[in-house]
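In order, the protein sequence lines correspond to chains A and B.
First residue of the first sequence? That's 0 in numbering that gives the first Met the number 0, and the numbers climb one at a time after it.
First residue of the second sequence? That's 0 in numbering that gives the first Met the number 0, and the numbers climb one at a time after it.
Warning: the hint list may mix true and false statements.
Stated by the list, open to error - Now the stretches of chain B that chain A is said to cover, found in silico as 3 or more residues with beta-carbon under 8 Å:
#, segment
1, 85 to 99
2, 230 to 236
3, 282 to 288
4, 325 to 333
5, 343 to 353
6, 408 to 419
Stated by the list, open to error - Some chain B residues well away from chain A (every beta-carbon gap over 12 Å; in silico):
#, residue
7, His246
8, Val259
9, Leu449
10, Val453
Stated by the list, open to error - From chain B, some residues computed to sit far from chain A (all C-beta separations above 10 Å):
#, residue
11, Trp483
12, Phe508
13, Val558
Hints are computed from structural coordinates only; laboratory data are not their basis.
In this text, all values refer to a predicted model and were calculated from it rather than measured experimentally.
Note that the Cβ used here is the ideal one computed from N, Cα and C, for glycine as well.
The primary structure of each chain is shown beneath.
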Amino acid sequence: MGRLQRAQFGLSMLALVAFGAVFGVLPAALYLLPHFDRVDLFGIPLSLWILVVPMPPIFLAIGWLYARRADALDDSFRDLVDR
Amino acid sequence: MIALLAVGAVTLGTLGLGTWGVRFVRTTSDLLVASRAVTPWWNAAAISGEYLSAASFLGIAGLEMQVGASALWQSLGFTAGYLALLLFVAAPLRRYGSYTIPDFAEARLHSPAIRLLAAAIVLVIGGFYLVPQLKGAGLALNVVIGSPYWVGVAVVAVIVAINVSIGGMRGITYVQAFQFWLKLFAIAVPICLLLIHFGGLPERSALFGEQFPHAGASPITIRLSSPQLVEFPQAGSFTVAGGAFVHVSAGKSVTLPANVAVRIPAGGIVPVAQGTQALRGSRWSRPIGGTGEGAPLLVYSLLIATFLGTMGLPHVLVRFYTNPDGHAARRTTVRVLGLLSLFYLFPSLYGAMGRALTPQLYTTGQTDDVVLTLPHAAWPGTAGTILTAVTCAGAFAAFLSTSSGLLVSIAGTLSHDVWPKVRHSVPSGVATRRRHFRTAAAGAMVIPALIALVARQVDISILVGWAFAIAASTFCPLFLLGIWWTGLTARGAACGMVVGTLIATSAIFVGLALGEPTSGALALLQQPAIVSVPVAFLTMITVSLTDRHRIPDVDAQMVALHAPEGLGLRLADEVDTSLGASERA
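Only chain A is shown next, with the shape it has when bound in the complex:
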């Protein structure tokens, strides 16, 4: 049981690190690289494109992958107990 909990926690932390690596550093990156604000794409600054377009799908992808892995961990624990 302790092992399942640790595995789940490890998985959650992994997902959190992935999230942090993409979204957590984004404000700092945009702050330190003002270049993104000066480049326009269809009249809209590139930094706004980066914020609006790829971020929500990335959240969704992290969430979806996490949920799949977490359910798989639960299932393998179930198999272990049933056996």
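For this one, chain A is given, so just place chain B on it according to the hints.
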């Protein structure tokens, strides 16, 4: 007139469907058994429906008009909060089977005192979250029928209090799910039609902030309801009641009179109300940088508050128990992420277009109105009137669903958690409990309504940010440590929550007293999460480590939180939880 009809239809429809739905659920079967048939998609729409409030519907666009691109962080943070909920809270909390946050706190830590403390914090968060809903209602009714601000606040406060008291809209999944689709429709369709109408974003240079907000090709007429001190960010001019031009040089302030037509000539610079900002250039179009809302420290503080605060919102969490098991709780949360991502594409478009097409909102100071006034201003005639009616109806759906959900949580907490402790007796009989719930629902609306009247000038999104800051610095550490750490003790949790609440609320009230400073470290008074959350975590951990009163059955607790269903390992088995639910409902 059309707008009034649309708002009336939404209000009556919501209330009627809710009341009817309650009867329907009661006559068919137990609430919980009925909800077992609810699929993750329905559940996800219901959670999103309850979550999307005045802050999402009106606040983001209003904030964006003032501070520009840095408002986008808010919509991203509101979405990302569900990722934190998914990763750390959703499945374990569903498996644990407590129905409210105070229930969880008492069961996990075996302390009746902590139940009372958690209940008090639920009241604070719920109260803070109700204020912006009522403020939005005041603004919206003003747009719809031109009534004074306080009328809208009073009307929605009374409607919601009565509605919750008579038992309408109580956690009915299908009503809330319907509300989500209504709100999505109401925000997406008008802006898409406007974009088609203009063939893209109009007046691009103004949109991305190269100039200060200014009138378009035709003059703007403004009629203020009270005299307003305004500042001209650039030299400009205006006329009062058709009189001679008054010229004002850059940076100078004048007081505009009320109840007469103030006219800004075509292409003229628009004066900005005191307390409102008009930025331009990179200060508007850069999502981060400089001082004010885009200051890096403030952006991170806001992101922490929204990322960690979502899990502590009382009205949202309750919805997770309509999931049949932990697996479904995870699947529901992933779908919520998808639905919210879709919704949050749209509010920022209103803010960007509003800057170009409804610059008079800078003069009135009510930029929170932009979603409601933009369609009509941008597209005069019947089309614009109908689209304004649509956004007004969506806004009312947002106030009604969120404030009803909040008030149910508050009244439930007052009558279920606080009252028995104060009177040292559990009220007996369904009728008595029902009466307490009704009294609580009516009473709990008074204080938020009064605050809403005072806080008229504070932006909706800032008001909501406070609720998130308090939730992130109290319930977030309680959940994260309570679910994943065996060492948490009752005293540690209590100290952490008290410290978190104190830091967050005192920062907010000091900020209010100082008139919302926006520069330097003082800006953190507006959003204190970056300080209060780590301090709350540290307090909880250190006090727990030095506390000798360990939780005796912590291993069994961890099994209840983390063991998958269907193995016969769990403390709280299915029968117990469904009994608890029917008793509360």
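Cross-check of the supplied hints:
1. Only when three residues or more bring their CB closer than 8 Å to a CB of chain A does the claim for the segment 85 to 99 of chain B stand; here the count is 4, and the claim holds.
2. Remark: the segment 230 to 236 of chain B is not confirmed as covered by chain A, as 0 of its residues place a Cβ nearer than 8 Å to a Cβ of that chain, below the required three.
3. Coverage of a stretch by a chain is defined here by at least three residues with a beta carbon nearer than 8 Å to that chain's beta carbons; for the segment 282 to 288 of chain B and chain A the count is 5, and the condition holds.
4. Counting residues of the segment 325 to 333 of chain B whose CB lies closer than 8 Å to any CB of chain A gives 6, which reaches the minimum of 3, so the coverage claim holds.
5. With 3 residues having a beta carbon nearer than 8 Å to a beta carbon of chain A, the segment 343 to 353 of chain B meets the requirement of three or more and the stated coverage holds.
6. Only residues whose beta carbon comes within less than 8 Å of a beta carbon in chain A count, and the segment 408 to 419 of chain B has 0; fewer than three means the coverage is violated.
7. No Cβ of chain A comes within 12 Å of the Cβ of histidine 246 of chain B; the nearest lies about 33 Å off, and the non-interface call holds.
8. The beta carbon of valine 259 of chain B is kept farther than 12 Å from every beta carbon of chain A, the shortest such distance being approximately 39 Å.
9. Its beta-carbon lying about 36 Å from the closest one in chain A, leucine 449 of chain B satisfies the requirement of being farther than 12 Å from that chain.
10. With a cut of 12 Å on Cβ distances, valine 453 of chain B stays outside the contact zone with chain A, its closest approach being about 33 Å.
11. Consistency note on tryptophan 483 of chain B: stated as away from chain A, yet its beta-carbon is not over 10 Å from all of that chain's, at 6 Å minimum.
12. No beta-carbon of chain A comes within 10 Å of the beta-carbon of phenylalanine 508 of chain B; the shortest separation is about 27 Å.
13. For valine 558 of chain B, the condition that its CB be more than 10 Å from all CB atoms of chain A is violated, with the nearest at approximately 6 Å.
Hint compliance for this structure: hints 2, 6, 11, 13 are not met, and every other hint is.
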